[in-house]
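Student: Sequence:
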Amino acid sequence: MVRSESETLTLDGHEVSISNPGKIFFADAGISKLDLVHYYLAVADGALLGVRDRPMALKRFVDGAAGEAFFQKRAPKSVPSFVRTVELSFPSGRTADEVVVDNRAALAWV
Numbered sequence: 001m002v003r004s005e006s007e008t009l010t011l012d013g014h015e016v017s018i019s020n021p022g023k024i025f026f027a028d029a030g031i032s033k034l035d036l037v038h039y040y041l042a043v044a045d046g047a048l049l050g051v052r053d054r055p056m057a058l059k060r061f062v063d064g065a066a067g068e069a070f071f072q073k074r075a076p077k078s079v080p081s082f083v084r085t086v087e088l089s090f091p092s093g094r095t096a097d098e099v100v101v102d103n104r105a106a107l108a109w110v
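In the working numbering, the protein residues as written are 1 to 110.
Check before you lean on any hint, since a few could be wrong.
[What the hints assert, rightly or not] DSSO-like, lysine-lysine: derived pairs with alpha carbons at most 30 Å apart: (1) 59 with 23; (2) 77 with 23; (3) 77 with 33; (4) 23 with 73; (5) 59 with 77; (6) 73 with 59; (7) 33 with 23; (8) 59 with 33; (9) 33 with 73.
Keep in mind that the hints were calculated from the coordinates and are not lab data.
Working from the sequences, and respecting the hints, build out all of it.
Tutor: Below is the structure:
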């Protein structure tokens with residue numbers, strides 16, 4: 001199936017844009033980025049219980065699960081309105097905004 005460059009999902013009244021939905025994430029199984037998003041949505045009730053009220057760093061895999069990963073500790077500047085962020089304060093006096101996933105749209109976005 002040929003996929004477009006992005007696909008928009010409407011979740012709980014929020015539009016979530018999935019970039020490169022056809023990009024293969026798990027090469028051995030042929031699972032695409034959009035397939036992974038649909039899986040997260042299928043298990044959303046349990047997943048949201050597990051991450052509720054917890055700021056999180058994002059572990060990103062630009063080239064799929066077999067590629068090199070990096071951690072994005074701070075929330076990106078372009079966070080959609082349906083993604084909550086919190087400001088963390090550190091003993092050094094520095095602060096950082098981090099993502100809190102507390103709804104299905106935010107789960108699909110991360």
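Student: Are the hints correct? Go through all of them and say.
Tutor: Here is how each hint holds up against the structure:
no. : hint       : in the structure
1   : 59 with 23 : 17 Å, holds
2   : 77 with 23 : 24 Å, holds
3   : 77 with 33 : 22 Å, holds
4   : 23 with 73 : 24 Å, holds
5   : 59 with 77 : 17 Å, holds
6   : 73 with 59 : 8 Å, holds
7   : 33 with 23 : 6 Å, holds
8   : 59 with 33 : 15 Å, holds
9   : 33 with 73 : 21 Å, holds
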